[in-house]
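Using the sequences provided together with the hints, build the complete structure.
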Amino acid sequence: MILFENDSFMILCKAFGEYQTNCYLTIDKQTDEALIIDPGIGASTWVIETLESKKPLAILNTHGHFDHVWSNAELLSYFGKIPLLCPLEDAFMLTEDCFSTGLPQSTPSLLVGGKEGETIERKTANTENLGRENHYTLGNFIVEFSCYPGHTPGCSVIVLSSKLTNTDSTSAQNASSQSEIPPLSQQKVMFSGDFIFHRSIGRSDFPYSSHSAMKASLEKFMERKENLLILPGHGNTTSVAQEQANIPYWLARL
11 MILFENDSFM
21 ILCKAFGEYQ
31 TNCYLTIDKQ
41 TDEALIIDPG
51 IGASTWVIET
61 LESKKPLAIL
71 NTHGHFDHVW
81 SNAELLSYFG
91 KIPLLCPLED
101 AFMLTEDCFS
111 TGLPQSTPSL
121 LVGGKEGETI
131 ERKTANTENL
141 GRENHYTLGN
151 FIVEFSCYPG
161 HTPGCSVIVL
171 SSKLTNTDST
181 SAQNASSQSE
191 IPPLSQQKVM
201 FSGDFIFHRS
211 IGRSDFPYSS
221 HSAMKASLEK
231 FMERKENLLI
241 LPGHGNTTSV
251 AQEQANIPYW
261 LARL
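Per the working numbering, residue 11 is the first one in the sequence shown, and the count goes up by one each step.
Bear in mind the hints are in silico, worked out from the structure with no lab data behind them.
Among these hints, one or two may not hold up.
DSSO-like, lysine-lysine: derived pairs with alpha carbons at most 27 Å apart [to be verified]:
1) Lys39 <-> Lys24
2) Lys91 <-> Lys173
3) Lys65 <-> Lys39
4) Lys64 <-> Lys173
5) Lys91 <-> Lys24
6) Lys91 <-> Lys64
7) Lys173 <-> Lys65
8) Lys39 <-> Lys173
9) Lys125 <-> Lys91
10) Lys225 <-> Lys235
11) Lys39 <-> Lys64
12) Lys133 <-> Lys225
13) Lys173 <-> Lys125
14) Lys91 <-> Lys65
15) Lys64 <-> Lys24
16) Lys24 <-> Lys65
17) Lys125 <-> Lys230
18) Lys173 <-> Lys235
19) Lys24 <-> Lys173
20) Lys230 <-> Lys133
21) Lys39 <-> Lys91
Below you can see the structure in the form of structure tokens.
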């Protein structure tokens, strides 16, 4: 199912597993290069068949929970040496079966937010990495990880754009000064993982989660200016502006 399309890329989505976790494929319309985002339980066959004539560039994980990373190992085995990007603080959830689910283990080749030589270790969510941003260029894609800990220690959103059409930030910011609700960007999208959902937020009562970190992350999210389409880890699409209107409700309950 195509959820989003502009002149540069398209985004496909299919939900998998008991928790109906959304797996996303972003495909560059000029080069046929693709990114795989959060391949969950049972996602491998769909990903492989859909990308049969495409060129996978990387696997991106918004966070480390098993239902978002289950197919990492199988896809890495099939596609060969494509990089796997995961937030540093969540990498231990990929390399060890810490929830005893039978997770096929995978090792990130790039620890988002990590320094050279940084080791993988168990962490519990706190605010030390809140607001951290890391940018990567993969083919024509510009990938930005923004860290919002709480649901997991390294829980992040991924903002995706193309270096060929990454021109609308200024116009969006100017429009926001003239209108209470800024227009929805047609050049950037946000994959929110389990941080923000349509009319809801991620749970922060799991092992390695934190209510206080989630609260701080939601407050930080309220500062975002650009109104982007949000593609969450579960359920339907929404937008930054729509969910900023709902966040005060959740803040009062954390």
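We went through each hint and held it up to the structure:
no.	hint	result
1	Lys39 <-> Lys24	19 Å, holds
2	Lys91 <-> Lys173	24 Å, holds
3	Lys65 <-> Lys39	11 Å, holds
4	Lys64 <-> Lys173	19 Å, holds
5	Lys91 <-> Lys24	24 Å, holds
6	Lys91 <-> Lys64	15 Å, holds
7	Lys173 <-> Lys65	18 Å, holds
8	Lys39 <-> Lys173	13 Å, holds
9	Lys125 <-> Lys91	21 Å, holds
10	Lys225 <-> Lys235	19 Å, holds
11	Lys39 <-> Lys64	10 Å, holds
12	Lys133 <-> Lys225	18 Å, holds
13	Lys173 <-> Lys125	25 Å, holds
14	Lys91 <-> Lys65	12 Å, holds
15	Lys64 <-> Lys24	17 Å, holds
16	Lys24 <-> Lys65	19 Å, holds
17	Lys125 <-> Lys230	24 Å, holds
18	Lys173 <-> Lys235	20 Å, holds
19	Lys24 <-> Lys173	26 Å, holds
20	Lys230 <-> Lys133	21 Å, holds
21	Lys39 <-> Lys91	23 Å, holds
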